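Quick note, the working numbering runs 41 ahead of the 1-based positions in the sequence shown.
The set of hints was computed from the structure by calculation and includes no laboratory data.
Remember, predicted model here, so these are calculated numbers, not experimental data.
For glycine and all other residues, C-beta sits at the position ideal for the given N, C-alpha and C.
Be a bit skeptical, because a hint or two may be false.
[To be verified] Derived DEER-like restraints, expressed as beta-carbon distance ranges:
#	residue 1	residue 2	range
1	Arg59	Arg103	15 to 25 Å
2	Ala153	Arg59	38 to 48 Å
3	Gly166	Gly116	13 to 23 Å
4	Gly77	Leu54	32 to 42 Å
5	Asp72	Ala136	31 to 41 Å
6	Leu55	Ala153	36 to 46 Å
7	Arg103	Arg165	18 to 28 Å
8	Asn62	Cys123	25 to 35 Å
9	Arg75	Ala153	40 to 50 Å
10	Val181	Ala160	16 to 26 Å
11	Asn57	Tyr152	33 to 43 Å
12	Lys68	Val149	38 to 48 Å
[As the list claims (entries may be wrong)] In silico SDA-like links for lysine to any residue, alpha-carbon gap of 20 Å or less:
#	residue 1	residue 2
13	Lys150	Ala160
14	Lys150	Asn113
15	Lys51	Glu107
16	Lys68	Arg103
17	Lys163	Val125
18	Lys105	Lys150
19	Lys68	Arg93
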Amino acid sequence: MTRLSVNINKIALLRNARGGNMPDVLKAALDCERFGAEGITVHPRPDERHIRYSDVRMLRPRIKTEFNIEGNPTGSFCALVCEVVPDQVTLVPDAPDALTSNAGWDTVKNYAFLSRICASFKARGIRTSIFIDPDPAMEVRGRQGGTVHGSLRRRIRRGQGEGHSPIPRDSGESQGNRARTQRRPRSLA
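Start from the sequences and build out the full structure, keeping to the hints where you can.
As structure tokens, this is what we get:
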């Protein structure tokens with residue numbers, strides 16, 4: 042189980058703003074691993090304002106821990122994922138002009154599309170995850186569509202207080218506020 046996967050997008054954002062290769066995203070990723078991170082996450086966007094597609098290709102053979110690529114499954118993104126074969130791909134429905142990921146998949150409306158995409162990645166041995174909103178119906182339908190786990194964005198309200206409370210796995214919900222849980226797959230059969 043991966044307990045900490047470090048997203049290095051902001052390191053790439055700084056590099057791109059400065060020009061050149063400072064800070065070096067490869068060195069940053071390797072340092073994160075050396076300091077104990079159990080995974081490296083990147084989110085290449087079509088405009089390459091953070092991680093570039095070339096960064097993903099350069100990082101893949103050097104990363105020794107879990108490698109997770111997040112992104113909107115456009116044609117070029119899917120081609121990149123199939124080319125580099127990360128340990129995991131996290132599907133995020135972000136618009137090209139979105140500054141950051143701010144909504145999850147509607148797994149009911151996008152069921153056929155997500156099922157097809159997930160099956161394609163799974164056939165290549167890539168674990169799949171989807172970014173969903175905090176609606177139990179979205180998680181249930183996402184699991185039916187072939188994802189191993191989804192990331193829920195929410196704060197759980199219980200009783201009189203707010204906080205992050207684990208919910209039993211059998212309830213059909215995950216835990217946390219935009220948590221990226223790295224649980225082992227459960228049989229969907």
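Going down the list of hints, with the structure as the test:
For the hinted restraint 15 to 25 Å between Arg59 and Arg103, the CB-CB distance of approximately 22 Å keeps it satisfied. For the hinted restraint 38 to 48 Å between Ala153 and Arg59, the CB-CB distance of approximately 43 Å keeps it satisfied. At roughly 21 Å, the beta carbons of Gly166 and Gly116 sit within the given window of 13 to 23 Å. Remark: the range hint 32 to 42 Å for Gly77 to Leu54 is contradicted by a beta-carbon distance near 23 Å.
For the hinted restraint 31 to 41 Å between Asp72 and Ala136, the CB-CB distance of approximately 32 Å keeps it satisfied. Between Leu55 and Ala153 the Cβ separation comes to about 39 Å, which falls inside the hinted range of 36 to 46 Å. At roughly 20 Å, the beta-carbon separation of Arg103 and Arg165 lies within the given 18 to 28 Å, and the hint holds. Range check, Asn62 to Cys123: about 27 Å between beta-carbon atoms, so the 25 to 35 Å window is met.
With their beta carbons about 43 Å apart, Arg75 and Ala153 fall inside the hinted range of 40 to 50 Å. Checked against the hint of 16 to 26 Å, the pair Val181 and Ala160 passes, with Cβ atoms roughly 18 Å apart. The supplied range of 33 to 43 Å is met by Asn57 and Tyr152, whose beta-carbon atoms lie about 36 Å from each other. Lys68 and Val149 have their C-beta atoms about 43 Å apart, which keeps the hinted 38 to 48 Å range intact.
The suggested pairing of Lys150 with Ala160 holds, with an alpha-carbon distance near 17 Å, which does not exceed 20 Å. Among the hinted pairs, Lys150 with Asn113 is consistent with the structure: their alpha-carbon atoms are about 16 Å apart, no more than 20 Å. With a CA separation close to 19 Å, the supplied pair Lys51 and Glu107 stays within the 20 Å bound. Of the pairs offered as hints, the one joining Lys68 and Arg103 holds, with about 10 Å between alpha carbons and a cut-off of 20 Å not exceeded.
A distance of roughly 14 Å separates the Cα atoms of Lys163 and Val125; the hinted pair therefore holds under the 20 Å criterion. As the CA atoms of Lys105 and Lys150 are separated by approximately 37 Å, the hinted pair breaks the 20 Å bound. Taking the CA atoms of Lys68 and Arg93, the gap is about 15 Å. The hint holds against a cut of 20 Å.
Against the hints set out earlier in the document, violations occur for numbers 4 and 18.
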